[in-house]
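Asker: Chain by chain, the residues run as shown.
Protein chains: 2
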Amino acid sequence: MREAYQSDLRHIVDDLLDMADLVGRALEEATQALLEGDLALAERVIAADPHIDRRQIDLDSKAVELLARQAPVATDLRLLVASLRMSSSLERMGDLCAHVALVARRTHPEPAVPEQHRAQIARMSELGGIALRDAARVIAERDLALAAQVEKDDAELDDLMLEVSREIARGDGYTNAQIVDLTLLIRFYERLGDHAVSLVRRVGFLVTGDSLDAYHDGVDVPEF
Amino acid sequence: MREAYQSDLRHIVDDLLDMADLVGRALEEATQALLEGDLALAERVIAADPHIDRRQIDLDSKAVELLARQAPVATDLRLLVASLRMSSSLERMGDLCAHVALVARRTHPEPAVPEQHRAQIARMSELGGIALRDAARVIAERDLALAAQVEKDDAELDDLMLEVSREIARGDGYTNAQIVDLTLLIRFYERLGDHAVSLVRRVGFLVTGDSLDAYHDGVDVPEF
Numbered sequence: 001m002r003e004a005y006q007s008d009l010r011h012i013v014d015d016l017l018d019m020a021d022l023v024g025r026a027l028e029e030a031t032q033a034l035l036e037g038d039l040a041l042a043e044r045v046i047a048a049d050p051h052i053d054r055r056q057i058d059l060d061s062k063a064v065e066l067l068a069r070q071a072p073v074a075t076d077l078r079l080l081v082a083s084l085r086m087s088s089s090l091e092r093m094g095d096l097c098a099h100v101a102l103v104a105r106r107t108h109p110e111p112a113v114p115e116q117h118r119a120q121i122a123r124m125s126e127l128g129g130i131a132l133r134d135a136a137r138v139i140a141e142r143d144l145a146l147a148a149q150v151e152k153d154d155a156e157l158d159d160l161m162l163e164v165s166r167e168i169a170r171g172d173g174y175t176n177a178q179i180v181d182l183t184l185l186i187r188f189y190e191r192l193g194d195h196a197v198s199l200v201r202r203v204g205f206l207v208t209g210d211s212l213d214a215y216h217d218g219v220d221v222p223e224f
Numbered sequence: 001m002r003e004a005y006q007s008d009l010r011h012i013v014d015d016l017l018d019m020a021d022l023v024g025r026a027l028e029e030a031t032q033a034l035l036e037g038d039l040a041l042a043e044r045v046i047a048a049d050p051h052i053d054r055r056q057i058d059l060d061s062k063a064v065e066l067l068a069r070q071a072p073v074a075t076d077l078r079l080l081v082a083s084l085r086m087s088s089s090l091e092r093m094g095d096l097c098a099h100v101a102l103v104a105r106r107t108h109p110e111p112a113v114p115e116q117h118r119a120q121i122a123r124m125s126e127l128g129g130i131a132l133r134d135a136a137r138v139i140a141e142r143d144l145a146l147a148a149q150v151e152k153d154d155a156e157l158d159d160l161m162l163e164v165s166r167e168i169a170r171g172d173g174y175t176n177a178q179i180v181d182l183t184l185l186i187r188f189y190e191r192l193g194d195h196a197v198s199l200v201r202r203v204g205f206l207v208t209g210d211s212l213d214a215y216h217d218g219v220d221v222p223e224f
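Taken in order, these protein sequences are the chains called P and X.
At position 117 of the first sequence (counting the first as 1) the number is 117 in the UniProt record's numbering, and the numbers step up by one without a gap.
At position 195 of the second sequence (counting the first as 1) the number is 195 in the UniProt record's numbering, and the numbers step up by one without a gap.
So the derived list for chain P, only partly shown, Cβ under 8 Å to chain X, looks like this:
1. 56
2. 64
3. 85
4. 168
5. 176
6. 179
7. 187
8. 211
9. 212
Away from chain P, derived, C-beta distances all over 12 Å, residues of chain X:
10. 10
11. 12
12. 21
13. 28
14. 29
15. 32
16. 38
17. 39
18. 111
19. 130
20. 141
21. 142
22. 145
23. 151
24. 152
25. 156
Here are the simulated DMTMM-like pairs of lysine to aspartate or glutamate, each with C-alpha atoms no more than 25 Å apart in a straight line:
26. X:62 x P:213
27. X:62 x P:65
28. X:62 x P:210
29. P:62 x X:210
30. P:152 x X:53
31. P:62 x X:76
32. X:152 x P:53
For the record, the hints were derived by calculation from the structure and aren't laboratory data.
Since this is a predicted model, take the numbers as computed values, not measurements.
For glycine and all other residues, C-beta sits at the position ideal for the given N, C-alpha and C.
Construct the entire structure; sequences and hints are all you get.
Answerer: The following block contains the structure:
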């Protein structure tokens, strides 16, 4: 019985890692669809999002069932509580990837991202992917040293968002619709980074027992 | 002991309602600061946000402690699990109000919202406030009939976001910076409505035991 319980707890972590993997793929494909104007790929990302949602619902049910059945305490309890928050962040990251794909689909066949911002958007997506993979490693190995790297990637993402938004404000040659889309896109990528940071902070709670959203700094979006 | 436990559970609900109240005030004040160009009020909303964050951290600690100490099952367990998700949504709603105030501060003394969109923004804020108050009533009274009204308010918020973004795309006379700000603002209000919907859905889980994020529809932002 005890052994089955430990195996159930490991499955919760595996489920989180699977979700992170699905989100990582959605992010890469959404950005590819966006930058290459690949409508079919955008449709696939949008259609795949409910699978990520379903994974969250399954994970939540398992975690609540374990809370009810095993009355865990200490680290096991913290793992389940943190997992409920992490599943929520991962589900939301999936939504954000789908939002990127929705922009790709809406603007098709026009490119959503003007030529001069393509490299910045590609880099934002890359940073989001790195932060997500690192967050997954922090979850798997409870390696809080790596957590600092996720915060650094997020800071670079924030800087890029500022850079793009300032270039838009100063620049010309944009259509109004392009500005709306670019503003949303850089916000989606920036939020992905925020969620990766939330993930590793919750591993901090799991390991140290500090507050579930430790080091919360109130307003999480940098000012333009 | 049993009585103290029931009182602790009631305090969790009271804490959620207090958080909802703080967020409701932040929303009203942020919108007032935005539309009236009131810099001091914007500063106050920004400075107050960490108090909402602190309330979340306290509520989470209490909920985790009750999970550990009382090993609740059935409705009590669901209440604590749902509360952990709801506190997270309320904290995020507080952030969104602070983001509105940040836009007000950044654009001051220029008005952030062009004349022709003031009524729409005021209405989006009003709808967000109504949805939040109704969500709080659903939490307090577990009245799922009222939940439908929250979904309706959210649908009207979504429609307004579409309306404004289409007017921006077609219109002229905007500066690039105004388009960036307006896009962010309507997104902030729209997300507030989404979170109100999440709150009432979690009361659904509490009452019925259905999944924690029941009726999740995948991509929660309407397409522009």
